[in-house]
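Undergrad: Heads up: the sequence shown is residues 419 to 565, going by our numbering.
There's no promise every hint is true.
What the hints assert, rightly or not - Okay, derived cross-link-like pairs now, DMTMM-like style, lysine to aspartate or glutamate, Cα gap no bigger than 25 Å in a straight line:
(1) 546 x 477
(2) 546 x 473
(3) 546 x 476
(4) 512 x 444
(5) 546 x 485
(6) 519 x 444
(7) 546 x 488
(8) 515 x 444
Unchecked claim - FRET-style restraints, in silico, Cβ to Cβ:
(9) 528 x 459: 16 to 26 Å
(10) 445 x 538: 24 to 34 Å
(11) 479 x 503: 30 to 40 Å
(12) 478 x 448: 46 to 56 Å
(13) 456 x 515: 17 to 27 Å
(14) 440 x 507: 20 to 30 Å
(15) 528 x 469: 21 to 31 Å
(16) 517 x 444: 10 to 20 Å
(17) 503 x 535: 16 to 26 Å
Read the hints as simulated data drawn from the structure, not as lab findings. A quick note: this is a predicted structure, and the numbers were derived from the prediction, not measured. Backbone N, C-alpha and C fix where the C-beta goes; we use that ideal spot for every residue, glycine too.
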Amino acid sequence: MAIHFPIALLCIGFLSAVISLFFRRDFFSQAAFYLLVLGALGSIAAYLSGNAAGEGIEEGALGKAVELHEQAATISLWLTILTAAFYLFLFIRKNTKTWAKFLGILLFAGTVVSIARTGYLGGQLVYKHGAGIELSVGNLSTPADDK
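Taking the hints into account, I'd like the entire structure generated from these sequences.
TA: Structure (structure tokens):
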């Protein structure tokens, strides 16, 4: 949940920001702002938990994949924080200028693309490299061993 919840918040927040641009409803722009702030806070928790999970894995193909995922996560985290700070600035100043909204949406789009890339690399860790997977082989004894 710590990983996937911020992703969902940020994706829905971005969708709300785009909708607010076309329909000019305060609800959608406020929803985008609050979802972005919650997603940014969740991203910090996700980053910290992922950092702890990848601790000590430094060698081989898995180590390189973890390092690539960690770099992508760092970029995503800083983009998310930057985007949230920009939206907070607009929110405090009550800036409704069209150029500022477009810039905010561009930043938000870059954040979502970066998070998608980070998620893809995280999926590669699990499905290609088997990171975090415990094998359950069951009882390996043969019927002859039981007698």
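Undergrad: All hints are to be evaluated individually against the structure, with a verdict given for each.
TA: Do the hints match the structure? See the list:
{"no.": "1", "hint": "546 x 477", "verdict": "holds, 16 Å"}
{"no.": "2", "hint": "546 x 473", "verdict": "holds, 19 Å"}
{"no.": "3", "hint": "546 x 476", "verdict": "holds, 17 Å"}
{"no.": "4", "hint": "512 x 444", "verdict": "holds, 12 Å"}
{"no.": "5", "hint": "546 x 485", "verdict": "holds, 15 Å"}
{"no.": "6", "hint": "519 x 444", "verdict": "holds, 13 Å"}
{"no.": "7", "hint": "546 x 488", "verdict": "holds, 16 Å"}
{"no.": "8", "hint": "515 x 444", "verdict": "holds, 14 Å"}
{"no.": "9", "hint": "528 x 459: 16 to 26 Å", "verdict": "holds, 19 Å"}
{"no.": "10", "hint": "445 x 538: 24 to 34 Å", "verdict": "holds, 32 Å"}
{"no.": "11", "hint": "479 x 503: 30 to 40 Å", "verdict": "holds, 37 Å"}
{"no.": "12", "hint": "478 x 448: 46 to 56 Å", "verdict": "holds, 47 Å"}
{"no.": "13", "hint": "456 x 515: 17 to 27 Å", "verdict": "holds, 25 Å"}
{"no.": "14", "hint": "440 x 507: 20 to 30 Å", "verdict": "holds, 23 Å"}
{"no.": "15", "hint": "528 x 469: 21 to 31 Å", "verdict": "holds, 22 Å"}
{"no.": "16", "hint": "517 x 444: 10 to 20 Å", "verdict": "holds, 19 Å"}
{"no.": "17", "hint": "503 x 535: 16 to 26 Å", "verdict": "holds, 21 Å"}
Checked against the numbered hints above, the structure violates none of them.
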